[in-house]
Amino acid sequence: MDELEILKKDWQKNQKFPKLSKKEIYRLLHKKSSSVVKWIFILSIIEFCFWTFISLLVKDSEVQKRLDGYDIDHVIMPLIISGYIILAYFFVAFYKNYKKISSMDSVKLLMKNILNTRKTVKHYVLFNLIFLYISIIIGIIIEVSNNVDLKLITAKFTETADYFILYGIVAILTLLMMVLLTGILLGFYYLVYGLLLKRLKKNYKVLQELEQ
Amino acid sequence: MKSNVEIEFVTQVEKHQNLIHKICRLYSNGDAEHKDLFQEITIQLWKAYPKFRGDSKFSTWMYRVGINTAISLYRKSKRKILSYSFDDVSYKIPQTQTYDDTQDQQLKSIYAALEQFNDIDKAVIFLYLEDKSYKDISEIIGITEVNARVKMNRIKKKLKTQLNP
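Note that the protein sequences, when read in sequence, are chains Z and F.
Quick note on numbering: the first sequence equals residues 34 to 245 in this note's numbering.
Quick note on numbering: the second sequence equals residues 1280 to 1444 in this note's numbering.
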């Protein structure tokens, strides 16, 4: 007899499980869920808040106040406005994806929908990172060409013909800062989401391979 | 205060609870994890219950939510599970019992072999053991009927090689 048929017979007849009373089941309904989706939702909201907070922090900083004195609104305003529009877009997209998640879908569709919410937030983080880097570069260019102290230093270096050394140092320091920041962020995401979604990704891959 | 909906739901779950237990048996290691998963499935069923309005049988609906919870939603808790294995409790046969010993040994090794399968395979096996049609299996998993059959054939083959190396 086929192994699975032996198993089937046993499976349907000899299952001994503890029987839960209605009272016990009722109690379970009011326990807190610890589902992956709930965690992704909480973490995503934290991420949205974090990045919005960071951009507000930059806005109120000393640097911003000094930048305000440079008469460069035509550069800053479009950046700020597009930042908010993009934040709104990501938030709506994330919420829509989240609402789509239903435990009544097929296994494959549910996985796809969960991974999609995650993808949206990932894109948001990536966008912010790029936005941050562009801001840093623009900030440096503006500073170098407008800051009086820096102009003096630049002039001094130009006199001694070490102009390129100054720019070289600034460029290397900026690059190092970006690499470090990216490293920390990627490490953080790898730890948090890598662990949370490892199983889901593996299972989704199994289904995708089957369909090929 | 228990509402009518709650009473109705709890009655249905109590009636079909073995189905949840069976899913837990396949997807968890040990008693504590079994209880944990049982709880999560019940919570997810309750959360989805407003959308269930009798267009399918309660048990059919339970398969979907239960399997989805076990595969995609349930997050294994980090706490160390110290309890005994579920298998040890239900399937331990006392030494004095001699009848049908070969059958029991064979079953034990089949159950042990099931552990080697991935989450998706386990879902297909589970639905097969529950006598579901390939059409049902393909709909619940989200693959084509042909692929569900292919999957099942591969599982049978793998099981055979594992049990008779």
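Any given hint could be a false lead.
Taking lysine-lysine pairs in the DSSO-like style, the calculated list, with each CA pair at most 27 Å apart, reads [as the list claims (entries may be wrong)]:
hint	chain 1	residue 1	chain 2	residue 2
1	F	K1330	Z	K49
2	F	K1414	F	K1294
3	Z	K42	F	K1355
4	Z	K132	Z	K42
5	Z	K55	F	K1436
6	F	K1411	F	K1436
7	Z	K64	F	K1301
8	Z	K71	F	K1301
9	F	K1294	Z	K234
10	F	K1336	Z	K133
11	F	K1301	F	K1336
12	Z	K184	Z	K71
13	Z	K56	F	K1439
Derived by calculation from the structure, the hints in this document are not laboratory data.
Here the structure is a predicted model, which means the values were calculated and not measured.
* 27 Å limit on alpha-carbon distance, applied to hinted pair K1301 (chain F) and K1336 (chain F) -> holds (18 Å)
* Asked: K1411 (chain F) and K1436 (chain F): Cα distance at most 27 Å?
  -> holds (20 Å)
* Asked: Are the Cα positions of K1294 (chain F) and K234 (chain Z) separated by 27 Å at most?
  -> With a Cα-Cα distance of about 34 Å, the restraint between K1294 (chain F) and K234 (chain Z) is violated, given a limit of 27 Å.
* Pairwise hint evaluation, K1301 (chain F) against K71 (chain Z), where the allowed Cα distance is 27 Å at most -> holds (25 Å)
* For the pair we were handed, K42 (chain Z) and K1355 (chain F), check the Cα-Cα distance against 27 Å. => violated (30 Å)
* Taking 27 Å as the top limit, are the C-alpha atoms of K184 (chain Z) and K71 (chain Z) close enough? -> violated (52 Å)
* Between K1414 (chain F) and K1294 (chain F), is the straight-line Cα distance small enough, at 27 Å or below? -> Holds: K1414 (chain F) and K1294 (chain F) sit about 25 Å apart, inside 27 Å.
* **Given hint K1301 (chain F) paired with K64 (chain Z) - CA-CA distance at most 27 Å** => Holds, because 21 Å separates the two Cα atoms, which is no more than 27 Å.
* Hint consistency between K132 (chain Z) and K42 (chain Z) [alpha-carbon to alpha-carbon, up to 27 Å] -> Not OK: K132 (chain Z) and K42 (chain Z) at ~41 Å, beyond 27 Å, violated.
* Going straight from one Cα to the other, do K1336 (chain F) and K133 (chain Z) come out at no more than 27 Å? -> The given pair, whose Cα atoms are some 23 Å apart, holds under the 27 Å limit.
* Does the alpha-carbon distance linking K56 (chain Z) and K1439 (chain F) stay inside the 27 Å limit? -> Not satisfied, since the Cα-Cα distance of roughly 43 Å exceeds 27 Å.
* Hey, K55 (chain Z) versus K1436 (chain F), does the alpha-carbon distance stay inside 27 Å? -> violated (42 Å)
In this structure, the hints that do not hold are numbers 1, 3, 4, 5, 9, 12 and 13, in rising order.
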